[in-house]
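Model the full structure from these sequences, guided by the hints.
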Amino acid sequence: MIYPADPLQAQGREAAQKALAAGLCVAIPTDTVYVLAVDPFVPGASDRLFELVGRSREQDLPVLVASVWQALKLATSVPAASRRLMERCWPGPLTLVLPRDGEVAADLGDDDLTVGVRLPEHPVPQMLCRDVGPLAVATAGAQGEPDFETADEVAEEFGDDIPVVLDGGPCTGLPSTVVDGTGEDPLLIREGRLPWAKILEEIGI
Numbered sequence: 003m004i005y006p007a008d009p010l011q012a013q014g015r016e017a018a019q020k021a022l023a024a025g026l027c028v029a030i031p032t033d034t035v036y037v038l039a040v041d042p043f044v045p046g047a048s049d050r051l052f053e054l055v056g057r058s059r060e061q062d063l064p065v066l067v068a069s070v071w072q073a074l075k076l077a078t079s080v081p082a083a084s085r086r087l088m089e090r091c092w093p094g095p096l097t098l099v100l101p102r103d104g105e106v107a108a109d110l111g112d113d114d115l116t117v118g119v120r121l122p123e124h125p126v127p128q129m130l131c132r133d134v135g136p137l138a139v140a141t142a143g144a145q146g147e148p149d150f151e152t153a154d155e156v157a158e159e160f161g162d163d164i165p166v167v168l169d170g171g172p173c174t175g176l177p178s179t180v181v182d183g184t185g186e187d188p189l190l191i192r193e194g195r196l197p198w199a200k201i202l203e204e205i206g207i
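For reference, each letter of the sequence shown is one residue, going 3 to 207 in the working numbering.
Since the hints were made in silico from the structure, they are not lab data. Small disclaimer: the values here were computed from a predicted structure and weren't measured. There are no misleading hints in this set.
Okay, the calculated beta carbon distance ranges per label pair:
| no. | residue 1 | residue 2 | range |
| --- | --- | --- | --- |
| 1 | L202 | A24 | 36 to 46 Å |
| 2 | D133 | G46 | 19 to 29 Å |
| 3 | E203 | E53 | 38 to 48 Å |
| 4 | M3 | P172 | 16 to 26 Å |
| 5 | G161 | R86 | 38 to 48 Å |
| 6 | R85 | R195 | 14 to 24 Å |
Cβ atoms here follow ideal geometry from the backbone N, Cα and C, with glycine treated the same way.
Spelled out as structure tokens, the structure:
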């Protein structure tokens, strides 16, 4: 079912919370594209998302968070440069790959050494992450296909497999920039909406 997310009302918020708690996928808008989200701490939820989008477990799911504090709870030994990027580029279209805390029980795929984390500049994922905790996500478009830009497109593609779709209006443009922040000097993995030159400027390189 499609619920309005601009603003997100109690009915849609509660429906998303219940679906996530049951290990189901929900579709949500972000500041870049629509994504499918699950609670990775619920057994079987991430497997459902991997299967739904046809993604190998070798390609770990990134995580959305509501705050820097929530991100740091997933990571360990975060380099100073990555902390600066969190402070200066979040919320925004930057995914940081960080050393993962081995005690974190979230199922994100087969790689237990790192975790990709992002604090989006959009009230809906921020609110859900405050309600539920970090959310594992995948873009709604199939591998190699364009990402969906509207809630209607997501609902039409996945039908009953996605019981809750939060409609935040069109989400268009480039995806997030992905940076390896595990070392002292960040490394570019994929340039997206946030220019690499801006990232280098923020860390003084």
